[in-house]
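In the order they appear, the protein sequences are chains A, B and C. Under my numbering, the very last position in the first sequence is 282; numbers go up by exactly one each time. Under my numbering, the very last position in the second sequence is 1384; numbers go up by exactly one each time. Under my numbering, the very last position in the third sequence is 2140; numbers go up by exactly one each time.
No wet-lab data here; the hints were simulated from the structure. All figures in this text were calculated on a predicted structure; none of them were measured in a lab. No residue lacks a Cβ here, since even glycine has one placed at the ideal position from N, Cα and C.
To give an idea of the chain C side of the interface with chain A (calculated C-beta under 8 angstroms), a few residues:
| no. | residue |
| --- | --- |
| 1 | Arg2069 |
| 2 | Ser2071 |
| 3 | Gly2076 |
| 4 | Arg2078 |
| 5 | Ile2079 |
| 6 | Gln2093 |
| 7 | Ser2122 |
| 8 | Cys2123 |
| 9 | His2124 |
Calculated cross-link-like contacts (lysine-lysine; reagent style DSSO-like; alpha-carbon spacing at most 27 angstroms):
| no. | chain 1 | residue 1 | chain 2 | residue 2 |
| --- | --- | --- | --- | --- |
| 10 | C | Lys2103 | A | Lys191 |
| 11 | A | Lys186 | C | Lys2103 |
| 12 | A | Lys191 | C | Lys2104 |
| 13 | A | Lys186 | C | Lys2128 |
| 14 | A | Lys10 | C | Lys2006 |
| 15 | C | Lys2104 | A | Lys201 |
| 16 | A | Lys91 | B | Lys1282 |
| 17 | C | Lys2105 | C | Lys2048 |
| 18 | A | Lys186 | C | Lys2104 |
| 19 | B | Lys1162 | A | Lys10 |
| 20 | A | Lys223 | C | Lys2128 |
| 21 | C | Lys2128 | A | Lys191 |
| 22 | A | Lys201 | C | Lys2103 |
| 23 | B | Lys1156 | A | Lys10 |
| 24 | C | Lys2105 | A | Lys201 |
| 25 | A | Lys198 | C | Lys2104 |
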Amino acid sequence: MSINRRQFLKMVGVSTVVGIGGTAVFNGLRNSGLEAAQTSPDPRTLTAKRWGFVVDTSKLQSDEDYQKCIDACHSIHNVPDLSGLPEEIRKRQEVKWIWTDNYERTFPTAPEDEYQNPELKEKKFFLFCNHCAQPACVRVCPTKATFKRKDGIVMQDMHRCIGCRFCMAACPFGARSFNWRDPRGKDDNGKPFVNPEKENKEYPTRMIGVVEKCTACTERLAKGMQPACAEASNGAILFGDLEDPNSEVRKIIATKYTIRRKPELGTQPSIYYVIGGGEHAG
Amino acid sequence: MLDKALTGSRRYWTWIFVLLAVIGVAVLTYLRQFNEGLGITGMSRDVSWGLYIGQFTFLVGVAASAVMLVIPYYLHDFKKFSKIVILGEFLAIAAVTMCILFIFVDMGQPMRIMNVILHPTPNSVMFWDSVVLGGYLALNLVIGWTTLGADRKGVKPPQWVKPLIYLSVPWAVSIHTVTAFLYAGIPGRHFWLTAVMAARFLASAFSGGPALLIILALIVRKYTKFDPGYEPIQALGKIVTYAMFANVFLLGLEFFTAFYSNIPGHMHPFHYLYAGLEGHDKLVPLMWTSSIFAIVSLVLLVVPSLRKNEKILAFACVILFISLWIDKGFGLVIGGFVPNMFEGVTEYWPTLPEAIITLGVWAIGLLVLTVLYKVAVSVREEAV
Amino acid sequence: MYDSGKIIAGLIVFVLLVTFPFISNMGKASAKPKPSIDTPVINEMAVKKCVEPKEFMRAEHMQLLNNWRDSVVRNGDRIYVNTAGQSYNMSLQNTCMNCHSNKKKFCDECHNYMAVNPYCWSCHIQPKEQPNEQPKENML
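With the hints as constraints, model all of the structure from the sequences given.
Below, the structure is given as structure tokens:
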């Protein structure tokens, strides 16, 4: 059989493509060296059908009380602190898992006008991932890097995230942060974004170019502990099973007036905000 | 056939090296972005997509527009397009190449791009977008190369390529529909949440793409011995006109729904883009440029005596292209992010490195286009 | 043969490019990697055993870590029961590195030799190492 140069080049091209593809398939099949070993959840793990939160900030008095919750979360998760950057850049690139804002910005579509209770309008609310039952972010993610766990927590696999930021466009709550710069980096004054003296040695940081957000402290739930914000909140953030009629969160939702952020979008947020004055305190 | 691209005039090689120089600078800039992160762009947590994704969206339209030559020629036997249909197919190849590159430079972790294939996710529109774009690239490569090769030998294209050509028609529609679905299926982004998004995309694609083709055909005529002909260009001009009317009409529908319903969330992005919101008005001059260019181009195109003058036609196509480039390549993406999820305004403007990388991707696209057109034109010149 | 000059020059460039890795490393014979297990925690162990046998770990630790990662992050399973029936907390940072607290002498030793650069440490925090730690002759 004689072949000319053209045919030869075609064959080389095709066999290269097949070779590369074939190796990938082969490696995929080979990936099963550990069949004898078993995995299981930690027996201490807190379990629920659908984890949710009730936020009642009337239980908090001062700005420090709010900051304590934020710090608790951000310090144990090594969330980079970009406060050393120029204000304009910090605002655009900051990473946050939990933060506070006023009524108007927390509930932009809730009924409100200038005649309403000024106390309500000045109130501060905690914002973090809603762990929606119908999460838009999970729907759009092209790699399943963000996904919903069986217990309702919307989890983020930072190993798999390709940084396309489709989830950030899709999340109606602005709960997602992108690592616009290396979280292990430093600001212009040489101050590291994650302080090596204060970092949590038991938890990783993230890397450049991935999306991160609140994970409802899955690593703490596995040890039988409450989420860090709830623990530090003096009862202002309650964590419990929304599917369990006897849980404390359900009892509050059943008896007090609570609202959720942008319920009209149908994502079914799992954070309920207690609305009203201080009469619920204590 | 690629050997045709290796011989050329001095002007041809100068152009190639200019493009290579731009690409070189852009690659260096991209390496900086790769190391320092997307923080060197103007994007932010509130406006998390910018120029890159805007250009991607716009170029999907340019790619899809090849179908405006394929349908008349292959389905309606409109013979006048026989010489230029290859220009449309090769333009599609260059455009899809740029689309893929714009997605790539927008990624935070580009080295993980294969995750989209390793973990296929049918519920994600982006997964489907990568499937249809890859398929469209392959289709046009095979069709363009085979038909041109047959042409060179003076024989008819092989029979097996016919079904592929027919397939490429719905496929072209699909790439732009799926790209519109990236936006139109997102809850809470009022500017994007509109059922006419895909229709608008197609209308703007079928006017902007052929407008670019007219410009390219005139350039080809000026600098080579290959003349695409007067009549095919006029026929394209009519396509551009109709499609642009549809596009402006659909945009008008958006205005009506937003402002007659008087729903704040629907009006805010339009306010921001065309008048400014809460004192933020960076995009207003651009958007008005786009609107004025759109109207002027339509006037020039719709009057037959003006359209028949190729100089005027060329001018109309240039400003129409710029108009759509602003509207779809920039305003559409940014308008979806302003105001943000808290009804606040964070503005966006591309940075210099971002602009250089964008320019570099265009340069790569132009390089691909130049090489492919060189091949096509050389084959045509031989045939003359 | 037409253009023989160009073709031969091209061939030479091609051969140089392809053999560049070999040429550039010529004469720089790297020492055979000897990962050290000399760490305080391992030294205190009565029986020095990893989660799986040494041979398995040497060949398959990357697969094991991949599986651990998916198991913990995606399935919420954090306990690994090995082939001998013992349980471990699946954590690179807290389990692996608790014993192998000498990343430089353990992980990097082979990874550098093999010129692989796993990105584990872009996120996972590596143990603080004493820079003047003297390795004893207690090699794997």
